[in-house]
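Taking the hints into account, I'd like the entire structure generated from these sequences.
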Amino acid sequence: MTGKYVKNLDCKLVDFSVILYKIMTNKKEILPSDYIVPLNMNGLRGRMMHMPSPKKNGREMLLVYGHHALLERWWGLVQNFNTYGSVTMPDLPGFGGMDSFYKIGSKPTIDAYADYLASFIKLKFKQRKITIIGISYGFVVATRMLQRHPELTNKVELLISAVGFVHEDDFTFTRPRMAMYRTLTRVLSVPVTPTVFKKLFLNATVLRVAYKHTYNAKHKFAETKGDPEREKALMDLEIKLWNDNDVRTHMATSNGFLHLDNCKTPVNIPVLHIYSKNDNYFDYQIIEQHMKVVFSSFKGIPINMKNHAPSILADKKASGVLMPNELRKILSKNS
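Residue numbering for the sequence shown follows this note's numbering, starting at 457 and increasing by one per position.
Simulated from the structure, these hints should not be mistaken for lab results. Cβ coordinates follow ideal geometry from the N, Cα and C atoms, glycine included. Be aware that a few hints might be false.
[What the hints assert, rightly or not] Using C-beta positions, here's what the derived DEER-type ranges look like: (1) Lys-696 x Thr-565: 24 to 30 Å; (2) Thr-649 x Lys-696: 20 to 26 Å; (3) Lys-696 x Leu-640: 20 to 26 Å; (4) Arg-584 x Thr-539: 18 to 24 Å; (5) Lys-674 x Asn-699: 20 to 26 Å; (6) Lys-762 x Leu-487: 25 to 31 Å; (7) Arg-664 x Arg-633: 35 to 41 Å; (8) Ala-635 x Leu-487: 40 to 46 Å.
[To be verified] Only pairs whose alpha carbons sit at most 25 Å apart, straight line, appear in this in silico BS3-like list of lysine-lysine: (9) Lys-789 x Lys-755; (10) Lys-559 x Lys-688; (11) Lys-563 x Lys-654; (12) Lys-789 x Lys-773; (13) Lys-772 x Lys-789; (14) Lys-720 x Lys-748; (15) Lys-511 x Lys-733; (16) Lys-681 x Lys-580; (17) Lys-785 x Lys-733; (18) Lys-772 x Lys-696; (19) Lys-696 x Lys-773; (20) Lys-762 x Lys-688; (21) Lys-733 x Lys-773; (22) Lys-654 x Lys-674; (23) Lys-773 x Lys-762; (24) Lys-511 x Lys-578; (25) Lys-772 x Lys-688; (26) Lys-733 x Lys-674; (27) Lys-696 x Lys-559; (28) Lys-582 x Lys-789; (29) Lys-585 x Lys-748; (30) Lys-789 x Lys-511; (31) Lys-559 x Lys-580; (32) Lys-511 x Lys-563; (33) Lys-688 x Lys-733; (34) Lys-655 x Lys-668; (35) Lys-585 x Lys-755; (36) Lys-563 x Lys-655; (37) Lys-755 x Lys-785; (38) Lys-611 x Lys-733; (39) Lys-688 x Lys-654; (40) Lys-785 x Lys-748.
In C-alpha cells:
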C-alpha cells in the first residue's frame, strides 16, 4: 500500500451527527450505538463513532484506537474527551469488524494504515484543524501518517500519545520472548494458518478455559480476582474482540510493530505523551528518548495506572485515568 491509496480514494462517509445530537438531547441514557454510523472507504466497510461537540467552538478531535480494538471498548474515553469538543473515531481495516486490507488485495502494513488515516482526515475534516489522540498502536499509525504525509502537520493543533510507542526497542520483552512473538506472528499471518488457529484456539470454549492464564492476559484478569461476574464480563468481551477482529490482520500488524522503527523521519510537531510507569509492555524512559528524536518537542505526563491501558470494561470514570488534570487544562484552552 502506498500513497496511491489517497489518490484513488473512493469513499463514502455517513455522518448523522446533527440528527443524533437532537435525538440524544431527549434521551436520559447515552449509548455508544447512538453515535455509531456506517463507514465505507475504498470498498472496505466498517463503522465510525462520532460524538458532536457540546459547545459551539470546541475542538475537533480524532481518536485512533489501538490493537485488539472495538469502537465500544473506548466509549468511556470518548465521553471524557467530548467535554472539550467533538470526537471522531473510525474503524481501521481488519479491526472492530471492518473489512481487512486483504479484501482489496493489499497487506495491513503500517504504511497502509497511515495512508488510510490520511485519506480519512482529508475527507472528514477538510481544511479544519484537529487534535489527534493515538492510543498505543493507534499512535504508531498516526506518527507514520504524519511522516508520509507531512502536508497534514499544518492541520494538527495538538498531538497526544496515549501510552503510544515509536520503536521496537520500547518493549520490555526479553530477547527470547521477543523472538518467539516475532516468529509466531509471522507464521500466523500466512494464509490459512490464521483460520486454523482461530478455529482451534480462539473459539469460546478454549478462550474461557485457557486465555486468562496466558502471559499477556494475566494483567487484564488480575483486576477481576474475587469477582466472578466481572471476570465473566471481561471474558465475554475478550471473546467478542477475538471474533470481531481479523486474526490474520492481528498477527500481521503485531509482527509489524515488533519490528517497528518510526525514528527515521522527523515530525515537526510537539507531542504530549501520557504514560504509566507500571506499563507491562513498555519502558517509558526509552520511549521518551525515541520520541525526542522524532518530534519537535516532548512533554511526558505520568498517570497512575497499573498496566498498559485501562480495562476493556472501563466506563467513563475509569477511562478518565488517561486524562490527567494537566492534559485536561491543555485541552480546555481554546476549546
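Hint by hint, here is what the structure shows:
1. Lys-696 x Thr-565: 24 to 30 Å: Holds, since Lys-696 and Thr-565 (Cβ atoms, about 26 Å apart) stay within the stated range.
2. Thr-649 x Lys-696: 20 to 26 Å: Roughly 22 Å apart at Cβ, these two residues keep to the hinted range, so it holds.
3. Lys-696 x Leu-640: 20 to 26 Å: Since the Cβ atoms of Lys-696 and Leu-640 sit about 23 Å apart, the hinted range of 20 to 26 Å holds.
4. Arg-584 x Thr-539: 18 to 24 Å: holds, 19 Å
5. Lys-674 x Asn-699: 20 to 26 Å: holds, 22 Å
6. Lys-762 x Leu-487: 25 to 31 Å: holds, 28 Å
7. Arg-664 x Arg-633: 35 to 41 Å: violated, 25 Å
8. Ala-635 x Leu-487: 40 to 46 Å: holds, 44 Å
9. Lys-789 x Lys-755: holds, 17 Å
10. Lys-559 x Lys-688: violated, 33 Å
11. Lys-563 x Lys-654: Status holds; Cα separation ~19 Å.
12. Lys-789 x Lys-773: holds, 22 Å
13. Lys-772 x Lys-789: holds, 22 Å
14. Lys-720 x Lys-748: holds, 12 Å
15. Lys-511 x Lys-733: Distance ~35 Å between Lys-511 and Lys-733 Cα, so the pair is violated.
16. Lys-681 x Lys-580: violated, 43 Å
17. Lys-785 x Lys-733: holds, 22 Å
18. Lys-772 x Lys-696: The hint holds at about 21 Å.
19. Lys-696 x Lys-773: holds, 23 Å
20. Lys-762 x Lys-688: holds, 21 Å
21. Lys-733 x Lys-773: holds, 21 Å
22. Lys-654 x Lys-674: With Cα atoms ~20 Å apart, Lys-654 and Lys-674 stay inside 25 Å; holds.
23. Lys-773 x Lys-762: At roughly 16 Å apart (the allowed maximum being 25 Å), Lys-762 and Lys-773 satisfy the hint.
24. Lys-511 x Lys-578: It holds: about 24 Å lies between the C-alpha atoms, which stays within 25 Å.
25. Lys-772 x Lys-688: Roughly 20 Å between the alpha carbons, so the hint for Lys-772 and Lys-688 holds.
26. Lys-733 x Lys-674: Given that 25 Å is the threshold and the Cα spacing comes to 18 Å, the pair holds.
27. Lys-696 x Lys-559: holds, 21 Å
28. Lys-582 x Lys-789: holds, 23 Å
29. Lys-585 x Lys-748: At roughly 24 Å apart (the allowed maximum being 25 Å), Lys-748 and Lys-585 satisfy the hint.
30. Lys-789 x Lys-511: The hint holds at about 13 Å.
31. Lys-559 x Lys-580: Given that 25 Å is the threshold and the Cα spacing comes to 23 Å, the pair holds.
32. Lys-511 x Lys-563: violated, 40 Å
33. Lys-688 x Lys-733: violated, 29 Å
34. Lys-655 x Lys-668: It holds: about 18 Å lies between the C-alpha atoms, which stays within 25 Å.
35. Lys-585 x Lys-755: holds, 21 Å
36. Lys-563 x Lys-655: holds, 22 Å
37. Lys-755 x Lys-785: holds, 14 Å
38. Lys-611 x Lys-733: Since the Cα atoms of Lys-611 and Lys-733 sit roughly 31 Å apart, the hinted pair is violated (cutoff 25 Å).
39. Lys-688 x Lys-654: Holds, because 21 Å separates the two Cα atoms, which is no more than 25 Å.
40. Lys-785 x Lys-748: Holds, because 23 Å separates the two Cα atoms, which is no more than 25 Å.
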